[in-house]
Amino acid sequence: MKVRSLEEAAAQVPDGATIAIGGLSMNSTPMAFVRELVRRQVRDLTVVAIVQGMAVDWLVAGGCVSRVVSGLVSFEGLGLAPQFRAAVQRGEVAIEEYSEHTLICALQAETNHLPFMPTLAGLGTDMPALHPETTRIERDESSGITYVACTPLPVDIAVVHAHAADDLGNVRVDPKLLWMDNEIVNAAKTRIATVERIAPRSTFTAEPHRTTYPKFMIDIVAEVPWGAHPSSMFPSYVHDREFFDAYTAASHSGSEAFSEFWTSRVVEPSSHSDYLDANGGARTLLRVKRRTS
Amino acid sequence: MGVSVNDVPEYGCTIDELMVVTLSRAFDNTTRAFNGAVSFIPVCAYLLARKTHAPELVWAASSIAVDADPEVIPESTLSDSLWGGASMLANSPFDFWAYAQGRDYNTFAFRGAQIDRFGNVNNTVIGPYDAPKVRLPGGGGMADLSCMIPRIYLWSTTHNPRIFVDKLDFRSGIGFGDGGDHRASLGLPGGPQLCVTNLCVFDFEPESKGMRVVSLHPGVSIDDVRASTGFEIIADGNISMTPAPSAEELHLLRNEVDPTSQRLREFA
Numbered sequence: 001m002k003v004r005s006l007e008e009a010a011a012q013v014p015d016g017a018t019i020a021i022g023g024l025s026m027n028s029t030p031m032a033f034v035r036e037l038v039r040r041q042v043r044d045l046t047v048v049a050i051v052q053g054m055a056v057d058w059l060v061a062g063g064c065v066s067r068v069v070s071g072l073v074s075f076e077g078l079g080l081a082p083q084f085r086a087a088v089q090r091g092e093v094a095i096e097e098y099s100e101h102t103l104i105c106a107l108q109a110e111t112n113h114l115p116f117m118p119t120l121a122g123l124g125t126d127m128p129a130l131h132p133e134t135t136r137i138e139r140d141e142s143s144g145i146t147y148v149a150c151t152p153l154p155v156d157i158a159v160v161h162a163h164a165a166d167d168l169g170n171v172r173v174d175p176k177l178l179w180m181d182n183e184i185v186n187a188a189k190t191r192i193a194t195v196e197r198i199a200p201r202s203t204f205t206a207e208p209h210r211t212t213y214p215k216f217m218i219d220i221v222a223e224v225p226w227g228a229h230p231s232s233m234f235p236s237y238v239h240d241r242e243f244f245d246a247y248t249a250a251s252h253s254g255s256e257a258f259s260e261f262w263t264s265r266v267v268e269p270s271s272h273s274d275y276l277d278a279n280g281g282a283r284t285l286l287r288v289k290r291r292t293s
Numbered sequence: 001m002g003v004s005v006n007d008v009p010e011y012g013c014t015i016d017e018l019m020v021v022t023l024s025r026a027f028d029n030t031t032r033a034f035n036g037a038v039s040f041i042p043v044c045a046y047l048l049a050r051k052t053h054a055p056e057l058v059w060a061a062s063s064i065a066v067d068a069d070p071e072v073i074p075e076s077t078l079s080d081s082l083w084g085g086a087s088m089l090a091n092s093p094f095d096f097w098a099y100a101q102g103r104d105y106n107t108f109a110f111r112g113a114q115i116d117r118f119g120n121v122n123n124t125v126i127g128p129y130d131a132p133k134v135r136l137p138g139g140g141g142m143a144d145l146s147c148m149i150p151r152i153y154l155w156s157t158t159h160n161p162r163i164f165v166d167k168l169d170f171r172s173g174i175g176f177g178d179g180g181d182h183r184a185s186l187g188l189p190g191g192p193q194l195c196v197t198n199l200c201v202f203d204f205e206p207e208s209k210g211m212r213v214v215s216l217h218p219g220v221s222i223d224d225v226r227a228s229t230g231f232e233i234i235a236d237g238n239i240s241m242t243p244a245p246s247a248e249e250l251h252l253l254r255n256e257v258d259p260t261s262q263r264l265r266e267f268a
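Protein chains in written order, with our numbering: chain A, 1 to 293; chain B, 1 to 268.
The shape of chain A in the complex, shown without the other chains (with noise of 0.2 Å):
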């Protein structure tokens, strides 16, 4: 049986470690299991993130990174992601940057065990001279076509945010898969799902059509309501708009200003409905639930 708390989820990751975070900006992301790693003070991850913002940030607060592998990170129309930011310009973590299809493309490579994967993304830009190893401009003979030969991008672990699962590895995202979750779940050599609630197999053999992911494609499953706090989970409930602004100023209010807030509210609560509790509990979750129209 897969299901294991999501302490002992997070345990799956060692220091070191290529780990892959699923969603997008404020969407989907497992931010529990993130908040996880950063209590267990993992450390040197390389950390791919095809487009992010607070995972990567929290994971940089945390001192578990020492490299990012990402097309972009910010928190959007609140602005740049402060931690991340002040940490690259001191030049304490690296940041390896690549478009977002050149992602893909590498994650792709790596799961079909292919030399590379082709694509016109990039080109005319700085983007595939940063890294003329795993980006290579390349040119076909025959068709007179060039591309970027994106090579194969390695994954320890990947970890994605999931509607449901049950004990044997079977998981559901409602109401079907939008971002680039898959991919990273397709190259990794191990995954890693929590899930707002763990359900009877009966749910998934009375509609198959709704699985997204097959039981052997996930190692481990780990049932963690709201886990996607403070990031979004379509359709059950919208990004904490009040923790996006409150953890920004925070930020911006210098170094003790955040510690305290960063302390109280993101590390010290020692498991995740502490951790609701910290961030306005019942209170909260009322005002991010979507309401079904």
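Please note: incorrect hints may appear among the correct ones.
[Unchecked claim] For lysine-lysine, the following DSBU-like pairs were computed, each having C-alpha atoms within a straight-line distance of at most 35 Å: (1) A:189 x A:2; (2) A:176 x A:289; (3) A:215 x A:2; (4) B:51 x A:176; (5) A:289 x B:51; (6) A:289 x A:215.
What the hints contain is simulated information worked out from the structure, not anything from laboratory work.
Following the hints, complete the assembly by docking chain B onto the known chain A.
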């Protein structure tokens, strides 16, 4: 929201409104668009165009939610809170990237911390890549989609020589590359069509592919634009005043498209 936006008293509107209306008029019923991060001005423009002259325009919110018609625009244009009213939620790897690479989507708008005369954009670093003065969010899908999509639109809510630079610190997204036929020689379709700023509207001169002033916003002179641009602009054509928004456009933008004025986040 604690930000100041320039009034355009000649037109009874503000500069954000003039920019949205101007961009929306560049779109038509053949426009099939989507949007990336921090894209409030084009998101408003797509919605406005669809409510006025281009009812058949296709727009996929956050590249996912086809034909979305949100009640309000949230503080993130990649947020799932932008998806209300959609007719399809398109999966990113299988659907979106296929439509984009297949050029079934034909329109993409992006901005950057730096823009050069050929419409190339930097959103990666200010200063050297390995020792940046400012680490920016990153190009995200900009490098991809600037290559794949034929009709590119640029906008900037701030027009000054630090943004409109002679040389980018890093090229995250391609416009016309090194100019002339460089983009076409790479096998890439189309290119930048317009760049709408808070001072003027540029198109791209057909031969050199350099930015060319086509219209000035009210109260702005060509010398203002020259002084605010870090490269030599082309200003040899027939330069008009940017046309005024209609009362209907302003009403729809203020009351239906973006009633909570999230677009002002781009002016912070």
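Now the hints, each set against the structure:
no.: 1; hint: A:189 x A:2; verdict: holds, 16 Å
no.: 2; hint: A:176 x A:289; verdict: holds, 19 Å
no.: 3; hint: A:215 x A:2; verdict: holds, 9 Å
no.: 4; hint: B:51 x A:176; verdict: holds, 29 Å
no.: 5; hint: A:289 x B:51; verdict: holds, 30 Å
no.: 6; hint: A:289 x A:215; verdict: holds, 29 Å
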